[in-house]
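Visitor: Single-letter residue listing:
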Amino acid sequence: MTLNVGVFGSDGSGRTTFTGLLYMAQVDFSNRTGQKSGFRFFAEPVQIKAMQGIYNQLRSREWPFLPAGVLKISCSYVYSSGGFLSKLFNRAEGNTVVIDIYMVDICHLVGFMEKPIYKKAADNDVFVFLLDASDLPDGPVPADGAFCSFLSRIVEAKRDNSGDNSLDVVFVLTKFDMIDKGVFTDMAISPIHPLISECDKRSEYGEKFMARMCPKTLAFLRDNARAKSLFRSAVYFFSCVNASFDEEGNVVPRMKRVKGSANFELDYTYEEYEGLIKNLAELASGRIS
Amino acid sequence: MPTAILGDRAAGKTTFIGLLYAAQIRFTNDPANKDVFRFYADPTALSIIRKLYENLKTSAWPDGTTKGQKSMLRFTFGYEKMLHGAVLPQWMRERDWIHPFATINFNVYDVAGEDIQDMTKTPDGVQSKKLTDIAKSLLESRVLVMLIDTSKITEDCDSDEYRSMLEYDGIMATLISMIAQYNSEKPDPKERKIYPVIVFTKFDTLFQDENAVMIKDMEIPKDIKTYADLNNSNIRRDYCEKILRNFFGQTLALLKGGKLMNVSFDRTEYFFSYVNTKFGKDGKAVPNQRKILDGAGHEIDFSYDEYARFIMHFKKIANEMPDGIREREEITVTEQ
Numbered sequence: 001m002t003l004n005v006g007v008f009g010s011d012g013s014g015r016t017t018f019t020g021l022l023y024m025a026q027v028d029f030s031n032r033t034g035q036k037s038g039f040r041f042f043a044e045p046v047q048i049k050a051m052q053g054i055y056n057q058l059r060s061r062e063w064p065f066l067p068a069g070v071l072k073i074s075c076s077y078v079y080s081s082g083g084f085l086s087k088l089f090n091r092a093e094g095n096t097v098v099i100d101i102y103m104v105d106i107c108h109l110v111g112f113m114e115k116p117i118y119k120k121a122a123d124n125d126v127f128v129f130l131l132d133a134s135d136l137p138d139g140p141v142p143a144d145g146a147f148c149s150f151l152s153r154i155v156e157a158k159r160d161n162s163g164d165n166s167l168d169v170v171f172v173l174t175k176f177d178m179i180d181k182g183v184f185t186d187m188a189i190s191p192i193h194p195l196i197s198e199c200d201k202r203s204e205y206g207e208k209f210m211a212r213m214c215p216k217t218l219a220f221l222r223d224n225a226r227a228k229s230l231f232r233s234a235v236y237f238f239s240c241v242n243a244s245f246d247e248e249g250n251v252v253p254r255m256k257r258v259k260g261s262a263n264f265e266l267d268y269t270y271e272e273y274e275g276l277i278k279n280l281a282e283l284a285s286g287r288i289s
Numbered sequence: 001m002p003t004a005i006l007g008d009r010a011a012g013k014t015t016f017i018g019l020l021y022a023a024q025i026r027f028t029n030d031p032a033n034k035d036v037f038r039f040y041a042d043p044t045a046l047s048i049i050r051k052l053y054e055n056l057k058t059s060a061w062p063d064g065t066t067k068g069q070k071s072m073l074r075f076t077f078g079y080e081k082m083l084h085g086a087v088l089p090q091w092m093r094e095r096d097w098i099h100p101f102a103t104i105n106f107n108v109y110d111v112a113g114e115d116i117q118d119m120t121k122t123p124d125g126v127q128s129k130k131l132t133d134i135a136k137s138l139l140e141s142r143v144l145v146m147l148i149d150t151s152k153i154t155e156d157c158d159s160d161e162y163r164s165m166l167e168y169d170g171i172m173a174t175l176i177s178m179i180a181q182y183n184s185e186k187p188d189p190k191e192r193k194i195y196p197v198i199v200f201t202k203f204d205t206l207f208q209d210e211n212a213v214m215i216k217d218m219e220i221p222k223d224i225k226t227y228a229d230l231n232n233s234n235i236r237r238d239y240c241e242k243i244l245r246n247f248f249g250q251t252l253a254l255l256k257g258g259k260l261m262n263v264s265f266d267r268t269e270y271f272f273s274y275v276n277t278k279f280g281k282d283g284k285a286v287p288n289q290r291k292i293l294d295g296a297g298h299e300i301d302f303s304y305d306e307y308a309r310f311i312m313h314f315k316k317i318a319n320e321m322p323d324g325i326r327e328r329e330e331i332t333v334t335e336q
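Top to bottom, those sequences are chains A and B.
Note that my numbering has the first sequence beginning at 1, numbered continuously upward.
Note that my numbering has the second sequence beginning at 1, numbered continuously upward.
Chain A extracted, bound-state conformation (with noise of 0.2 Å):
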């Protein structure tokens, strides 16, 4: 079973900080659970090298960009169960994911998915969508408007696809950290987000940043959810790099100590991206029961 994943979003909602942040965290998670675990991740060369570039920029404690022209930056994963089958025919027999993350704005991706390169944007089975949550003050964002659109068109898309249709939908809310603490007071919720193992004080604490930014796209998803029909529930992320001053009083990425490893690593919330890696397989493997 292959799950298609595509991640969206806006200018500055922080695709190319999360792509640098999944990466790292693949390697990690790969890296720490080891050969056992079944965990493997892979990317073609070209897309490994866009990856990289901005995982070094990361690592070596630059907020990160990329060239001009990288329209799609695409890697996949598979978390095998192992065992007789795999050995036998040296093969990682598992769900795969691949995802692809679309660098072109979520506003203008709409008009454009006519062009080759976005015409399965609307074919995934989880749409993430990522939203810069430092712009929680400022109320409905520009990118609600092109969620909804966005999602209707897949809903149209799908309608006379008589198959297996629920699609499942992800927000990953970037830059937590640059949320003001008196936004937290005024919204009346704590400024730390529940645990991965919360799911339902997860979806709750979340929908209240939707209902802020996104309320089009909130009421869209509640009532096609209502509907029994397309979208499942949201789930939620949380996603930050904590900074700190270089020398020259720059805001740059922080790195730190972790127990166990010799380097420094950069200071970033892995568990959440380690919690969006795990459901994405969940996703995989509840499609096949």
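Among the clues, some could well be false.
Incomplete in silico selection of chain A near chain B, CB under 10 Å [as the list claims (entries may be wrong)]:
#1 26
#2 27
#3 31
#4 42
#5 45
#6 59
#7 77
#8 108
#9 112
#10 181
#11 257
#12 261
These are computed hints drawn from the structure, not numbers from a lab.
Every residue gets a Cβ at the ideal spot worked out from N, C-alpha and C, and that includes glycine.
With the hints as your guide, set chain B onto chain A.
Guide: For chain B alone, kept in the frame of chain A given last:
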């Protein structure tokens, strides 16, 4: 079996080749290994390799070779086939048609960022999917010997050395991805099997006093002698993967990830290379020579046991060579 020796600029490739040459001389001449192993290099390659060896024997570091010279660095290891040595009579063993040796053909490559770019460039410099001849020969390699310069390992994330370490990690990962992608289309599963070998060069530099905390954090033995006695390949792999996990994480992750393209890099073998040094006349560290224990004269004081293990590891690989690769190699030799 085509084999690529890969390393960054100044990763210690020339010293590695010089030491491998020294090791093969000692290994071949050891009465215990009679007829088991043979070495061959053509005159051009041999003239380069022997100079590297002579430098080391005279307590000097080998000169770095130029990019052009490296492509000429080719040599062959031959391992006597079990059946040939044990069963066949002398007259039959002397016939050419028996193919008495399973061979490993080594090629040395420089791997820097621009070389990876070059691999997909046509001669007019336009990025293309067409592979250059060097790229094709590298991608056709069944064994990858990747050299990692241990002296370049650093945790100072603000330093230039740290950036070049990250870059080298990325280059290796990209290369693994390229090889996986290239080989994934081959129909025979045996031809999709790659044998990766990682050699930590200048390994003694990891145990300098300033790295004591790093060694402790990695939870690996702090005494280099422990590594010399490591016969258990699982423990050896465990220690080496700890080093990779900390400093060359992308390479390690992609070695596992190749299987997604049905190209297995899973059984990576690890070796340690170092030369014990002494202070030269100008106060700089130079290769040490030690007295030969059971004979006369001196020999280079280096991690010979690791090199002997390296030579024996290739015996296993040579005997596993799929028929398709053997046939292609024979055709190539005939064409030349």
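Visitor: Confirm or reject each hint.
Guide: Hint-by-hint comparison with the structure:
no., hint, in the structure
1, 26, "7 Å, holds"
2, 27, "4 Å, holds"
3, 31, "5 Å, holds"
4, 42, "4 Å, holds"
5, 45, "5 Å, holds"
6, 59, "6 Å, holds"
7, 77, "7 Å, holds"
8, 108, "26 Å, violated"
9, 112, "24 Å, violated"
10, 181, "29 Å, violated"
11, 257, "8 Å, holds"
12, 261, "6 Å, holds"
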